[in-house]
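Fit chain Z to the known structure of chain V by using the hints.
There are 2 protein chains.
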Amino acid sequence: MSEKAWRKNLINIEPYVAGEQPKNENIIKLNANENPYPPAPGVAKVLASKSATELKKYPSADAVPLKEALAKRYGLSAENVFCGNGSDDVLATAFRAFFNSDKPIVFPDITYSFYPVWCELLKIPYITKPVDEDFKINVKDFYCENGGVVIPNPNAPTAIGVGKDFITDLLDNNPDVIVIIDEAYVDFGKYSCVELINKYDNLIVTQTFSKSRSLAGMRIGMAFAQPELISYMQAVKDSYNSYPLDQLAIETGIASVQDEEYFISTVEKIKATRDKSAQEFRAMGFKVTDSETNFLFVSHPKISAKEIFEYTREKGVFIRYFNKPRIDNWLRITIGTEEQMETLIKIVKELIESR
Amino acid sequence: MSEKAWRKNLINIEPYVAGEQPKNENIIKLNANENPYPPAPGVAKVLASKSATELKKYPSADAVPLKEALAKRYGLSAENVFCGNGSDDVLATAFRAFFNSDKPIVFPDITYSFYPVWCELLKIPYITKPVDEDFKINVKDFYCENGGVVIPNPNAPTAIGVGKDFITDLLDNNPDVIVIIDEAYVDFGKYSCVELINKYDNLIVTQTFSKSRSLAGMRIGMAFAQPELISYMQAVKDSYNSYPLDQLAIETGIASVQDEEYFISTVEKIKATRDKSAQEFRAMGFKVTDSETNFLFVSHPKISAKEIFEYTREKGVFIRYFNKPRIDNWLRITIGTEEQMETLIKIVKELIESR
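Taken in order, these protein sequences are the chains called V and Z. Heads up: the first sequence at position 226 corresponds to 226 in the numbering used here, and the numbers run straight through without jumps. Heads up: the second sequence at position 105 corresponds to 1105 in the numbering used here, and the numbers run straight through without jumps.
Don't read these hints as lab results, they were simulated from the structure. Hints may be right or wrong, so weigh each one.
Pairs of lysine to any residue, SDA-like flavour, derived with a Cα cap of 20 Å [claimed, not checked]:
(1) Z:K1004 to V:E228
(2) V:K57 to Z:N1024
(3) Z:K1057 to V:D132
(4) Z:K1103 to V:L10
(5) V:K23 to Z:A1078
(6) V:K123 to V:P104
(7) V:K4 to Z:N1024
(8) Z:K1023 to V:S51
(9) Z:K1008 to V:P227
(10) Z:K1050 to V:E34
(11) V:K8 to Z:P1227
(12) V:K29 to V:T273
(13) Z:K1057 to V:L10
(14) V:K8 to Z:C1144
(15) V:K4 to Z:A1044
(16) V:K50 to Z:E1034
(17) V:K50 to Z:A1044
(18) V:K123 to Z:N1012
(19) Z:K1057 to V:R320
(20) V:K50 to Z:K1050
(21) V:K103 to Z:K1008
(22) Z:K1057 to V:P65
(23) V:K57 to Z:E1034
(24) V:K276 to V:K349
(25) V:K123 to Z:L1010
(26) V:K8 to Z:N1100
(27) V:K123 to Z:C1119
(28) Z:K1004 to V:Y143
(29) V:K8 to Z:K1103
(30) Z:K1057 to V:Y262
Just chain V, with the same shape it has in the complex (with noise of 0.2 Å):
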C-alpha cells in the first residue's frame, strides 16, 4: 500500500477493531459495568413529552441546563461545572487543557486503560507507579516531580477506593501540577472529593452518568473544578466542537439528577447486591478486593481467571478478563439484579464442585 504519498501523512495509529458484541438477548451482561436497572422515571417521561420539532434547533451551547442542575445537585456555581459526551471525553478534554509539560504525567500501573492510550494520541509524556501486591496505592510514590497526576478513585478494575487523607495528602505534596481524581464509579464508594474543589485550585474531578445514574446509552460526564479550570475544559471543547452535548442528552441528564429519591434506591439495592455477592465469592474460595464500585474483582487461588471467564460465558454470563500483567488472574463482575447474580455464583459453583 506504500505507493500513495499521501499514507505518509497518516496519523501513527493503530486503525481500530470493534469488540464483539453479542446479539443474544438471553445473555446475561455483566463484562461493561452498565447498571441493571433503569434510569429515573422521569428520563421516560423526557422521551414521552419530548416535541421532536424543537430537535430542529441547535442545543443549548455548553449544556448550560444540565451544569445548572448539577450545581444545584453539588451545591456549586454552574461556573465549577463541565459536561462532555461521556467521562471519556471529559478526561480527554482535560488531558489536553492540562498535560502540556515536558514532565511526565503520573497513573498507577493498574488503572483505566485509556490513559496510556490520551497519552500516546496526545504526546504526553508518562509514567506508572506499581500498585502494592493488594493492588493499594501508595500516595507517596506520587511525590515525585511530574507534569500532573490522575488517579481514579475507586481505582479500576481494582475496585479499591481511597478516603480523604490520601487525597489532602495528594494535593498537599502536588501544589504545582494539575491532580485529576476520576470519580466514575465514587457513588458506590465511600469518599467523593468534590468537597475540595473550592480549597484545592488545582483540582479536577471527574463523574459519569453511565455507571451510577444508568445512562450509559446517553454519553454523558462531567467535571468539577474551580472557574478557572472549568474555561479551559470549556475553551478546548468548543474550539472543536461548539456543541457538546445533543438536547435530549441534556434533557435527559437533567430529569436524572433531579430525582435523587430513586438515585439512592438503587444505588443502595446495588452495594447491597455487591456486599452479598462479594462474601458468596469468598465463601467459594475467592479472594475479593474490598470493592467500593459496582464490580467486583475476584480471583480463585486453583481456577484460572481464564478457565472462569470462559466457562461462565459459554454458560450464558458475560464477565470481564484482562489478559495483562499483574492481573491476568483476576476477573472484573459488574454487580447485576440479585437474580443475575444468583445465576452467575450458581454457574461458577458448579465448575469449582465439579473439580
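Showing chain Z alone in chain V's frame:
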C-alpha cells in the same frame, strides 16, 4: 494569576465566551442556518416509543446501525461511512487523522471559520487562497504544493457551489494529499461528490444532519470515503471516546435517513422559498450570490450590512453579520418558512424606503 506553577502547563488557548442566546420566543431566528421544518415524522415516533430502560446500556460502538442506514441511502457499504457528533467533530477528526504533513494545508480565505481554529489547535500549518471578487474559488490556486486540501461545497458563507468538473480537476491535481470536501449544505445544492469516493482513494466527503435533516439538536455528522480512510478516522475517534454517538442520536438519525420522501419535500420547499426570497432581495437592489444552500448571502449598495443587521434585530429578526475582512458589508440570511421570509423582507423594505 501567574504565581501558580500549574498555569505554565495550560494549553495556549483563549478561554471561550459563549454567544448571546435569545430567550424571547417571538424572535425569528435566521442566524444559525437551522431548518424551519421539523425532522421526519419517524423521529417523533422514535421518541414516543423508545424505552428509557434501554438507555442503561452503552450504545452501539461506532454507531453501526446508523452507518448501515446511511450506506443503504447512499448506495455504499457501512465501511465507507464514519459518524461523529456533528460535522464539526467529523471534520476535526479528519484533520487529526490526515493532516500530519510539514507542508501547509490549503483552503479558501472566505470559508468556514473553524478550519483555521482546528489548524491552530492541532498545530497544522495552513495557507489560504483568496476567492475572487465574486467570491468564486479558482481551482488552479489549489494546484500548489500542500499537505492537504479542504473546500466546502457549497461554500459558506458565500452560498456558492461548484460542479463535478471543479472537483475532479481539484482531485486530479492533488493525488498525493487528502482532499476533504465539506458538504454541509449540499442537499440544497446541485452537485455532491459522494459518487467520486470509489474513484479517488484520497477523497473524504463530510455531511451533517443539522441542516437538510432538521436535527441540529441531535449533533450528527458523517463522512464518506474508501474503507482505509474511514478506518483511520475511526481509530482516532475510538482512541479518545469509545462510543461516539448516544443511542437516541443513532435512532433519530436512522428514522430521518429512512424517510426519503419527507426529506425531499422539505428540501424542495426550502429551495423554492430561497429562490423566491433571492428575487425579492434583488428587486430591492441587493447583490445576492447564486445560493446552493439554505441561506442567502446579500449586500446592499447603499445601506451597510451592519445597519441592516441592527435594524432587523431591533424588529425581532436575527440574521448574521460577520465583522471580517472582505465580507463586512455582507449578510448571511438563513431561509426560514415562507412567512418568516415575508416578515424579514417587509422589515428590510421599510428600512430601504425610509431613505
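Quick rundown of the hints versus the structure:
1. Z:K1004 to V:E228: Answer holds: Z:K1004 to V:E228 is near 12 Å, not above 20 Å.
2. V:K57 to Z:N1024: holds, 15 Å
3. Z:K1057 to V:D132: Not OK: Z:K1057 and V:D132 at ~33 Å, beyond 20 Å, violated.
4. Z:K1103 to V:L10: holds, 13 Å
5. V:K23 to Z:A1078: holds, 19 Å
6. V:K123 to V:P104: Measuring from Cα to Cα gives roughly 10 Å; hence the hint holds.
7. V:K4 to Z:N1024: Violated, at roughly 54 Å.
8. Z:K1023 to V:S51: holds, 18 Å
9. Z:K1008 to V:P227: Holds. Z:K1008 to V:P227 sits at ~17 Å (cutoff 20 Å).
10. Z:K1050 to V:E34: Holds, at about 19 Å.
11. V:K8 to Z:P1227: holds, 17 Å
12. V:K29 to V:T273: holds, 16 Å
13. Z:K1057 to V:L10: violated, 34 Å
14. V:K8 to Z:C1144: Holds, at roughly 18 Å.
15. V:K4 to Z:A1044: violated, 46 Å
16. V:K50 to Z:E1034: holds, 19 Å
17. V:K50 to Z:A1044: holds, 8 Å
18. V:K123 to Z:N1012: holds, 16 Å
19. Z:K1057 to V:R320: holds, 16 Å
20. V:K50 to Z:K1050: Given pair V:K50, Z:K1050 holds - Cα atoms ~12 Å apart, limit 20 Å.
21. V:K103 to Z:K1008: holds, 12 Å
22. Z:K1057 to V:P65: Violated. Z:K1057 to V:P65 sits at ~24 Å, over the 20 Å cutoff.
23. V:K57 to Z:E1034: It holds: about 6 Å lies between the C-alpha atoms, which stays within 20 Å.
24. V:K276 to V:K349: Given that 20 Å is the threshold and the Cα spacing comes to 15 Å, the pair holds.
25. V:K123 to Z:L1010: holds, 15 Å
26. V:K8 to Z:N1100: Holds - the C-alpha atoms of Z:N1100 and V:K8 are around 8 Å apart, at most 20 Å.
27. V:K123 to Z:C1119: Holds, because 17 Å separates the two Cα atoms, which is no more than 20 Å.
28. Z:K1004 to V:Y143: Status holds; Cα separation ~18 Å.
29. V:K8 to Z:K1103: holds, 12 Å
30. Z:K1057 to V:Y262: Within the cut-off at roughly 18 Å; holds.
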